[in-house]
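Chains as they are written, first to last, in our numbering: chain Y, 2 to 270; chain L, 180 to 485.
Just so you know, these hints were derived from the structure itself, not from any lab.
If you're wondering where the values come from, they're calculated on a predicted model, not measured in any experiment.
Each hint should be verified, as a subset may be incorrect.
Claimed, not checked - Derived lysine-lysine pairs resembling DSS-like cross-links, with alpha carbons at most 27 Å apart:
# : chain 1 : residue 1 : chain 2 : residue 2
1 : L       : K443      : Y       : K102
2 : Y       : K32       : L       : K480
3 : Y       : K170      : L       : K461
4 : Y       : K32       : L       : K364
To be verified - Examples of chain L residues toward chain Y, derived with CB under 10 Å:
#  : residue
5  : S299
6  : Y302
7  : T304
8  : E305
9  : P309
10 : S359
11 : G363
12 : P367
13 : V369
14 : F370
15 : V416
16 : G418
17 : P425
18 : F438
19 : P452
20 : S471
Yeah, the Cβ is synthetic: ideal placement off N, Cα and C, and Gly gets one too.
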Amino acid sequence: MARDEAVRDLVDKLELPFNSLGVDPYGVSKKHLTIFFRMLGFLYNRYFRVKAVGLENVPNRGRAMLVGNHSGGYAIDGAMVLTSMLLEKNPPRLAQGMVEKFMNQLAVSSIWMARTGQLTGLPEHAERLLLDDRLLMVFPEGAKGTAKLFKERHSLVDFGTGFVRLALKTKTPIVPFGFAGGGEAVPTVMNSRTLGKLLGVPYVPITPYGVAAPLPVKMAVHYGKPMVFEGTGGEEDSVIKGYVDQVKTQIAALIESAAADRSGNEAKS
Amino acid sequence: MKVLVVGVGGALARKVAIRLREGGHSVIGLDRRPWWDAPRDMQVHEVDIRKRAAEDVFRRERPDCVVHMATVNALSAAGEERARINMGGTRAVFDHSVAYGVKHVVFVGRHTYYGASADSPLYHTENEPPQGIGSFPELADLVAADLYAANMLWREQKLNTTVLRLVYTLGPSRTGTLASFLRGKVVPMVFGFDPLFQFLDEDDAATSIVAAVEKRPRGIFNVAGPPPVPLGTIARVTGRTVVPVPEPVLQQLLGRFGFPNLPKGALEHIKFPIVVDASAFKTATGFTHATSEVETLARYKRISPV
Chain Y
2 MARDEAVRDL
12 VDKLELPFNS
22 LGVDPYGVSK
32 KHLTIFFRML
42 GFLYNRYFRV
52 KAVGLENVPN
62 RGRAMLVGNH
72 SGGYAIDGAM
82 VLTSMLLEKN
92 PPRLAQGMVE
102 KFMNQLAVSS
112 IWMARTGQLT
122 GLPEHAERLL
132 LDDRLLMVFP
142 EGAKGTAKLF
152 KERHSLVDFG
162 TGFVRLALKT
172 KTPIVPFGFA
182 GGGEAVPTVM
192 NSRTLGKLLG
202 VPYVPITPYG
212 VAAPLPVKMA
222 VHYGKPMVFE
232 GTGGEEDSVI
242 KGYVDQVKTQ
252 IAALIESAAA
262 DRSGNEAKS
Chain L
180 MKVLVVGVGG
190 ALARKVAIRL
200 REGGHSVIGL
210 DRRPWWDAPR
220 DMQVHEVDIR
230 KRAAEDVFRR
240 ERPDCVVHMA
250 TVNALSAAGE
260 ERARINMGGT
270 RAVFDHSVAY
280 GVKHVVFVGR
290 HTYYGASADS
300 PLYHTENEPP
310 QGIGSFPELA
320 DLVAADLYAA
330 NMLWREQKLN
340 TTVLRLVYTL
350 GPSRTGTLAS
360 FLRGKVVPMV
370 FGFDPLFQFL
380 DEDDAATSIV
390 AAVEKRPRGI
400 FNVAGPPPVP
410 LGTIARVTGR
420 TVVPVPEPVL
430 QQLLGRFGFP
440 NLPKGALEHI
450 KFPIVVDASA
460 FKTATGFTHA
470 TSEVETLARY
480 KRISPV
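Just chain L, with the same shape it has in the complex (with noise of 0.2 Å):
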């Protein structure tokens, strides 16, 4: 099967290339960031998504499947271009995939599209509304993205469309959200608060995409793999130092003295759990993941020392 993966140059999706390769598939990557030593064998265009040259891609390629792995998740960077990157690269795939034949489009969004808040339940289920935009306006494109992913099951019922909703993942590659987070030596925590964070092994992360290409499930689906850990148990683990910071004081910290420069509604995901069911993704594709979350936290130890 031809599988173009967009959104190449990230961690995540050279993993899922390479792991597609070796699967036997002929892979073609896309980005606007160079990937500098990718496999010889495997075509990867700089070009970004939303420019003629993607269409190009895609209209002389012909792929089978379309994995979008394009989308910008991080809270640092700015709103506007945040959501133009979003909203217009998802609207590109989809537009291209539909044009030039492509079977199959895997959508891979966050499961922060739940929201964190005192009364979100544990354990999301994908019939769920996105609750994260209420306390958390910044995450709306990642939403609307998400919802104009989702469209397609009903829009374009010749395309099948899978849209997964991934946990935290935390690996070699020590980038993501949960792996920001445990940069320094020291994590602040909101005070009084120790929410359960939910994560995959990137190794598993990049098999649940796989199987997913694969399986071709369609319909949306949580994708997670070990049950969540609390974030100060998480950071102790790897060998941190948890300061816990009163919620006040944490907020005026923000984008000074080294602290990042986040949103305030971005606190609320360190204070409120976002877990999700992910049995509905596990009875479409078999998956299973291979490394617990103890192991996980040991190896993020040993790779990631402070």
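Just chain Y, with the same shape it has in the complex (with noise of 0.2 Å):
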């Protein structure tokens, strides 16, 4: 359970550059990152209460990509990862996503991961955002990875290569994830593409009861070591893709571990 201190006192505490309109360079303010936080922080503690494991293994300061798995219809894991490093770390730490261009292109959604630094994902806005000293989120699976379905809840699908070489160019640890409740919260029977292209949106997950609306189940993300990778990022591909089996590797013990946290939890309750 996250510590109880006020959101804007941890918002406050953020160690980004905020002009006196309480803006960062990047468009991050803080007013929205309060709101934002406090929305997201009732989901965290009361609606899924999520336990984090492992935090300490994400730097406190410095760059760092934080690289782990989709797990349920839309990205409420991306939600609680971003909530478990504001909440519950110290200092807290603003994690920034590398989010679907739809979700930049909506109206009201725009606005919302413009001001809370969720930026659409580019490799130039990765790259820059790390050798500003960020903290980076990246799920390699991509829209591939939340269009999962419940059966194939714990699974990963192919990892894209690039967050490996920007981790290589720009000399950044990558601290592993994996990421488990998201597809019981969202348990997807099949993805209609037609009510997506409707909505300006990939697809929208349809579950047993219907509407795509979370169910409220325990959730668990576990942080592993940070992994460090010597090289330049100009490697041939057979070089990354062994880097990037690596991390998969990782991962997929995290996601074990932390689904094993999940049901322990759910027997405890």
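Assembling the complex is the task here: the two chains are given apart, and the hints tell you how they should meet.
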């Protein structure tokens, strides 16, 4: 459970270069962060009762890349990882995700993504944020990861390789994490691309009870030891693929421990 | 140094001309618009850059440096005429400069070249291609003028060319894209969007152009000062009221009920940010801004109350 400190104070403790209007050079706004994390804080503490393990593996300062799995119809996992970094880490950190382009194209979502530092997933953004010593959150499975069905919830689909090249180029430690519970919260039986087209999103997950509102299930996220690879980022694909597989193996192990942790919790409660 | 400022009738260009003169340069102005209260000892030629008389100014005066600020940026200007001025004028500046031994041309362009869209990165570098024309074909003439000026870097090796891509300016002249947006008490915005806007105080913008004239960096440079600010915050801090209007409604309003008649692509510019990385210019010239974003906005609120 997160410490009981006002979200406003935690946002104030963020070590980001805010100007006197409360906005940082990427457009991250203290006002929006406070509202955003109050809302997510409720989901984190009360609704999903997220358990975060291994937070000490995330560096307190300096560039780092959180790399993990998607585990449910849409990016609840990402939102909970962001929340764990703000509510549970001391000093709090703002993790910045690389989000799907449509999130920044949609009205309202565009403002909230921009003001909370969740930029469109572009290599330029990722590199610049890391060079600015920020904490980046990456889901190498991409949208294919959130489209996993219930029965595939603990599996991993193909990983992109860009994140490893970037980590090598910018000498960034990779902190792997495994997330469990998203698949239970949004038990997707199928994805409707037709409905998605109507709403301007890639797809809409369909659950046995129809709508994709998340169920109040427990979630767990386990952070692993930072992984540092030596190189320049200009290596051949086969070399990079080897590093990607190492990260993937770590994440698979962390998903297992997170899933076990979750079911253990459920048995107790 | 003898400097010819083309387009000296514009508010920012006048400021540049006066600054250069104060800096000990001999300054000549050229514009088809008059400049009634120009300093007495400054020659100002009231002539269109595309006319023969303009060439004669180059021929007689033989400037060392030409600052080209005669591009039309206003989106409300009619497309074809605007394109003729921007393309024809830029070509004339370079043709005359090459013919009459000018050593250095500073082309003052805009950062809108990079275009605004959900997938364009924050902090564009000079290496990026012009994305703007895809969603906003009306920008094509400005982009073409920029690329034409940049061509000179390899076509005319003897000529030193500086291409500047300047962010929006805000200041006492109360002109420019951002200022026109803040003209009224009520600022309409696209509902659900609030892009970052990057701006320079007018004085700092003039300082940056003077720095380009004096330091003579060769190449293409983004010019910016303080970090960007969300448009809604800009409007509120300068005392305006923001009214979010759904995009389809706003599109219908354009050109009616006192709303400016803007092309549809212009709405992209109030939905998505255009933010540039200006570190190369800072390294090349040592330029730093004197007025922060907060001071610029506070000052604008004082000088342009609603």
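Hint by hint, here is what the structure shows:
no. : hint            : result
1   : L:K443 / Y:K102 : holds (21 Å)
2   : Y:K32 / L:K480  : holds (22 Å)
3   : Y:K170 / L:K461 : holds (25 Å)
4   : Y:K32 / L:K364  : holds (24 Å)
5   : S299            : holds (8 Å)
6   : Y302            : holds (6 Å)
7   : T304            : holds (8 Å)
8   : E305            : violated (13 Å)
9   : P309            : violated (16 Å)
10  : S359            : violated (22 Å)
11  : G363            : violated (22 Å)
12  : P367            : violated (14 Å)
13  : V369            : holds (7 Å)
14  : F370            : holds (6 Å)
15  : V416            : holds (7 Å)
16  : G418            : violated (14 Å)
17  : P425            : holds (8 Å)
18  : F438            : violated (19 Å)
19  : P452            : holds (7 Å)
20  : S471            : holds (8 Å)
Against the hints set out earlier in the document, violations occur for numbers 8, 9, 10, 11, 12, 16 and 18.
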